[in-house]
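Assemble the whole structure, with the sequences as input and the hints as a guide.
Residues per chain, in single letters:
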Amino acid sequence: MAALAASARLDADDVLRIRWAEPPVDATTLTLRREGTTHTVGLDGEAADLSRLDLTPGTWSVHAADAEIITTDPGFSLDGLVEYARRARRRALRAFRARSGGLRVDVRAVEPYAEVTAVHPGEEKLTLEGFLAYGANPDSAEIVATRRKTAQRVTGTVSVTGDHWHAEIPIAPFAVETERGFWDLRLGGLTVATWIDDIPDKKNKVRFPARHVARETDRVRVRAYYTDKDQLAIAATVVPNAEAS
Amino acid sequence: MKISILIMNAYGMGGTIRATFNLADELSRRHEVEVVSVFRHRDTPFLPLSDRVTLSSLVDLRPETRKWWRFGVASRLKKPSTLMHPEERAYDNFSAESDRVLTRHLTDLRADVLVTTRAGLNIAAARLAPAGVTLIGQEHLHFGAHKPGILEEIRAWYPKLDAVVTLTDADHAAYAQMLEGSPTRVYTIGNGLPDGPRPQSRLDNRVVIAAGRLVRVKGYDRLLDAFAKVAEKRPDWKLRIYGQGTQADKLGRRARRLNLHNNVAFMGPTNDIEGELAKASIHVITSRFEGFGMTIVEAFAAGVPVVSFDCPQGPPEIITSGEDGLLVPDGDIDAFADALLSLMDDPEELRRLAENGRRTALRYRSSEVGDRWDEMFADLRHARTA
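First to last, the protein sequences are chains L and U. The opening residue of the first sequence carries number 1 in the numbering used here; numbering runs sequentially from there. The opening residue of the second sequence carries number 1001 in the numbering used here; numbering runs sequentially from there.
Fair warning: there could be bad hints in the mix.
Below, in silico cross-link-like pairs of lysine-lysine (DSSO-like), each with a Cα-Cα straight-line distance of 30 Å or less [said to hold, decoys possible]: (1) L/Lys205 <-> U/Lys1229; (2) U/Lys1078 <-> U/Lys1233; (3) L/Lys229 <-> L/Lys125; (4) U/Lys1002 <-> U/Lys1160; (5) U/Lys1078 <-> U/Lys1067; (6) L/Lys149 <-> L/Lys229; (7) L/Lys205 <-> L/Lys149; (8) L/Lys205 <-> U/Lys1233; (9) U/Lys1250 <-> L/Lys229; (10) L/Lys125 <-> U/Lys1160; (11) L/Lys125 <-> U/Lys1147; (12) L/Lys203 <-> U/Lys1229; (13) L/Lys203 <-> L/Lys229; (14) U/Lys1233 <-> L/Lys203; (15) L/Lys125 <-> L/Lys205; (16) U/Lys1079 <-> U/Lys1160; (17) L/Lys205 <-> L/Lys229; (18) U/Lys1229 <-> U/Lys1250; (19) L/Lys125 <-> L/Lys149; (20) U/Lys1079 <-> U/Lys1147; (21) U/Lys1160 <-> U/Lys1147; (22) U/Lys1002 <-> U/Lys1078; (23) U/Lys1250 <-> U/Lys1147; (24) L/Lys125 <-> U/Lys1233; (25) U/Lys1250 <-> L/Lys203; (26) L/Lys149 <-> L/Lys203; (27) L/Lys125 <-> L/Lys203; (28) U/Lys1079 <-> U/Lys1067; (29) U/Lys1250 <-> U/Lys1233; (30) L/Lys205 <-> U/Lys1250.
Simulated restraints, written as ranges between beta carbons of each label pair [as the list claims (entries may be wrong)]: (31) U/Lys1067 <-> L/Ala27: 53 to 61 Å; (32) L/Arg108 <-> U/Asn1271: 22 to 30 Å; (33) L/Ser51 <-> U/Trp1068: 31 to 39 Å; (34) U/Pro1269 <-> L/Val239: 30 to 38 Å; (35) L/Ser159 <-> U/Pro1235: 16 to 24 Å; (36) L/Ser159 <-> U/Ala1090: 36 to 44 Å; (37) U/Thr1246 <-> L/Thr217: 30 to 38 Å.
With the C-beta cut set under 7 Å, the calculated list includes, among others, these residues of chain U facing chain L [unchecked claim]: (38) Leu1077; (39) Pro1194; (40) Pro1197.
It should be emphasised that the hints constitute simulated quantities derived from the structure, not laboratory data. Think of the CB as a built atom: it goes at the ideal place given N, C-alpha and C, for glycine as much as any other residue.
Take a look at the structure:
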């Protein structure tokens, strides 16, 4: 037995709204299931309020009575994900369609952070843009790159308008490397990452152009990159003058 | 009836494999169906295959199976194939070892029908398969894609096939002309889509999607050039390219040179292309040629309009320009960018094309495609006994 949804979306208040293509026999309750745990919630018309459920982090399947809900809706829009992340919260839900067609709700514990939406590598400085996610509040107007090996720092400036931020970091100070170094970013104390564009594992999917800082006998290639956790970081690599780009 | 389908590699990803699995699944409702993969490099296929279909392989290339290789296998894998014509587009995959097992497989084949899925395998079937088996050669490439040398072999051996199945009418005409005077029949049967609920786009994401191997024939260099023009005017639109291939690094460099790093993501392979299509609002094809274009039909079924270069052979036969998609003169980068911009700026038009595309997709339902295969089987049986 399956129930077929033509639309199943979570709004920013964690209300799951379902429009049925083929409604289940019993459309009065929904059950969320994960690893033997179940939560049942009333379905008021086509809306189920998930905000009060004690859902542990992980992926939950959604059922109407005993029928797994199959959906033809991807479950979210990219604009909807941004709107959702602009609210202060410590738990983030996301509805999506599994490959099998089953409706799923992904639950994550979240911390406020700085979401990156654009990276502009300039000749002299790296400019970043984004917004403050989950109610983030930077504790300073600085973006700081910290070298993993030595905790050396490079500092840049941040301006915030509403929840939109704009940051600039000079490139020249990264030319302290002797081989290769990695620098992690914090914006006003916040993690800097791109997590809500529906592109997980960005390291090999999105690459930014490099810029070069000339030194006497060699150059340092400075490139923003995504780490394994999709946080934005900076790689600085010494290249001989013969090896351009 | 026992149907054996021979494919070069069932374990990878791509339109031909998806189409073959869909066909095997549909035919297995009424027949005993096996898929035989010449090569195997993974434990399980990347794409899902119905439980009703048996899958086996001839040359197991998984590293952990090496210890079971018999004497001579390793050296034969390094020796070039003599069974395949060097102009077979996948010649480099074949070897003296694949020649050996393929020859044994084909000469010992016990099946009522053998379906082969590329030129090299069609020729091998014509040469080696036993007389009692009905031989059907499928062409997933288009006629003009074959180089002169292999075309000579095609001319020499295809007349021994019972039927050639093309994906497009244009190819049907080319093969029918070539096979004139021989008993071989030519049928056009497109690739089919499985029935059942499919993910549907709401056209609410500013996302353009492309899918296919990152190789020259897919024309992603042309796509990036066109998208650079689009992003100048509509920087809020993103391009997602699914697939992997030998040109990945080159295309990445081109994207960075074109300043597209905030607009383009190379998403890698996916086993849920239908789900990913449904997250997009426009599907693009910039191929230099496209034997069919499985993703066009899949995009239509997901309610996503398609913008494509008017390249041979599939796109102009599947897409009705201005109705369910837009065809742009092949290679005209500016016109391609303009076509994308025109749809980005006209959501109503996008919705109209999407609605029409859903109707076009109905023609490619697996059940209908399966019926056409069954009609062909009956036709060929009749021809044999007549």
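Hint check results:
1. Restraint check for L/Lys205 and U/Lys1229: satisfied, since their Cα atoms lie roughly 21 Å apart, inside the 30 Å limit.
2. Distance restraint check for U/Lys1078 and U/Lys1233: the Cα-Cα separation of roughly 51 Å exceeds the 30 Å cut-off, and the hinted pair is therefore not satisfied.
3. Between the alpha carbons of L/Lys229 and L/Lys125 the distance comes to roughly 24 Å, so the proposed pair stays at or under 30 Å and holds.
4. For the hint pairing U/Lys1002 with U/Lys1160, the CA-to-CA distance comes to about 20 Å; that is within 30 Å, so the pair holds.
5. For the proposed pair U/Lys1078 and U/Lys1067, the alpha carbon gap of about 17 Å is at most 30 Å, so the pair holds.
6. Proximity of L/Lys149 to L/Lys229 is assessed by CA-CA distance (about 19 Å); at most 30 Å being required, the pair is judged to hold.
7. Under the criterion of a C-alpha separation no larger than 30 Å, the hint pairing L/Lys205 with L/Lys149 is consistent with the structure, at around 26 Å.
8. Straight-line distance between C-alpha atoms of L/Lys205 and U/Lys1233 comes to about 23 Å, which keeps the hinted pair within the 30 Å bound.
9. A threshold of 30 Å between alpha carbons decides the hint, and for U/Lys1250 with L/Lys229 the separation of about 25 Å falls inside it, so the pair holds.
10. Only pairs whose Cα atoms come within 30 Å are accepted, and L/Lys125 paired with U/Lys1160 is rejected, the gap being roughly 68 Å.
11. Taking the CA atoms of L/Lys125 and U/Lys1147, the gap is about 52 Å. The hint is violated against a cut of 30 Å.
12. Of the supplied pair hints, the one linking L/Lys203 and U/Lys1229 holds, its CA atoms being roughly 26 Å apart against a limit of 30 Å.
13. Proposed proximity of L/Lys203 and L/Lys229 is supported: the alpha carbons are some 9 Å apart, at most 30 Å.
14. For the hint linking U/Lys1233 to L/Lys203, the alpha-carbon distance of about 27 Å falls within 30 Å, and the restraint holds.
15. Proximity of L/Lys125 to L/Lys205 is assessed by CA-CA distance (about 23 Å); at most 30 Å being required, the pair is judged to hold.
16. Note on U/Lys1079 and U/Lys1160: the hinted pairing holds, with a Cα-Cα distance of about 28 Å set against a maximum of 30 Å.
17. Distance restraint check for L/Lys205 and L/Lys229: the Cα-Cα separation of roughly 13 Å lies within the 30 Å cut-off, and the hinted pair is therefore satisfied.
18. A threshold of 30 Å between alpha carbons decides the hint, and for U/Lys1229 with U/Lys1250 the separation of about 19 Å falls inside it, so the pair holds.
19. The straight-line distance between the Cα atoms of L/Lys125 and L/Lys149 is roughly 22 Å, inside the 30 Å bound, and the hint therefore holds.
20. Pair hint U/Lys1079 plus U/Lys1147 holds up; C-alpha atoms about 23 Å apart against a cutoff of 30 Å.
21. Of the pairs offered as hints, the one joining U/Lys1160 and U/Lys1147 holds, with about 21 Å between alpha carbons and a cut-off of 30 Å not exceeded.
22. At most 30 Å may separate the alpha-carbon atoms for a hinted pair to count; U/Lys1002 and U/Lys1078 exceed this at roughly 34 Å.
23. For the hint pairing U/Lys1250 with U/Lys1147, the CA-to-CA distance comes to about 26 Å; that is within 30 Å, so the pair holds.
24. For the hint linking L/Lys125 to U/Lys1233, the alpha-carbon distance of about 25 Å falls within 30 Å, and the restraint holds.
25. With a C-alpha separation of about 17 Å, the suggested pairing of U/Lys1250 with L/Lys203 holds against the 30 Å cut-off.
26. Simply put, L/Lys149 and L/Lys203 have alpha-carbon atoms about 21 Å apart, close enough for the 30 Å limit, and the pair holds.
27. For the suggested pair L/Lys125 and L/Lys203, the alpha carbons sit about 22 Å apart, so the restraint of at most 30 Å is met.
28. The hinted pair formed by U/Lys1079 and U/Lys1067 meets the criterion: a straight-line CA distance of about 20 Å does not exceed 30 Å.
29. Between U/Lys1250 and U/Lys1233, the direct Cα distance comes to roughly 25 Å. Compliance with the 30 Å bound is thereby established for this hinted pair.
30. Between L/Lys205 and U/Lys1250 the CA atoms are separated by roughly 13 Å; this keeps the pair inside 30 Å, and the hint holds.
31. A hinted range of 53 to 61 Å holds for the C-beta pair U/Lys1067 and L/Ala27, which are about 57 Å apart.
32. In this structure the supplied range 22 to 30 Å holds for L/Arg108 paired with U/Asn1271, their Cβ-Cβ distance being about 23 Å.
33. In this structure the supplied range 31 to 39 Å is violated for L/Ser51 paired with U/Trp1068, their Cβ-Cβ distance being about 56 Å.
34. Checked against the hint of 30 to 38 Å, the C-beta distance between U/Pro1269 and L/Val239 comes to roughly 32 Å, which is consistent with it.
35. In this structure the hint that L/Ser159 and U/Pro1235 lie 16 to 24 Å apart at CB holds, the actual value being about 20 Å.
36. At about 55 Å, the CB distance of L/Ser159 to U/Ala1090 disagrees with the hint of 36 to 44 Å.
37. For the pair U/Thr1246 and L/Thr217, the supplied restraint of 30 to 38 Å holds, since their beta-carbon distance comes to about 36 Å.
38. Contact between U/Leu1077 and chain L, as hinted, is not supported at the beta carbon level, the nearest pair being about 29 Å apart and thus beyond 7 Å.
39. At about 12 Å, the closest approach between the beta carbon of U/Pro1194 and any beta carbon in chain L exceeds 7 Å, and the interface hint on this residue is violated.
40. Because the smallest distance between the Cβ of U/Pro1197 and any Cβ of chain L comes to about 5 Å, under 7 Å, the interface hint for this residue holds.
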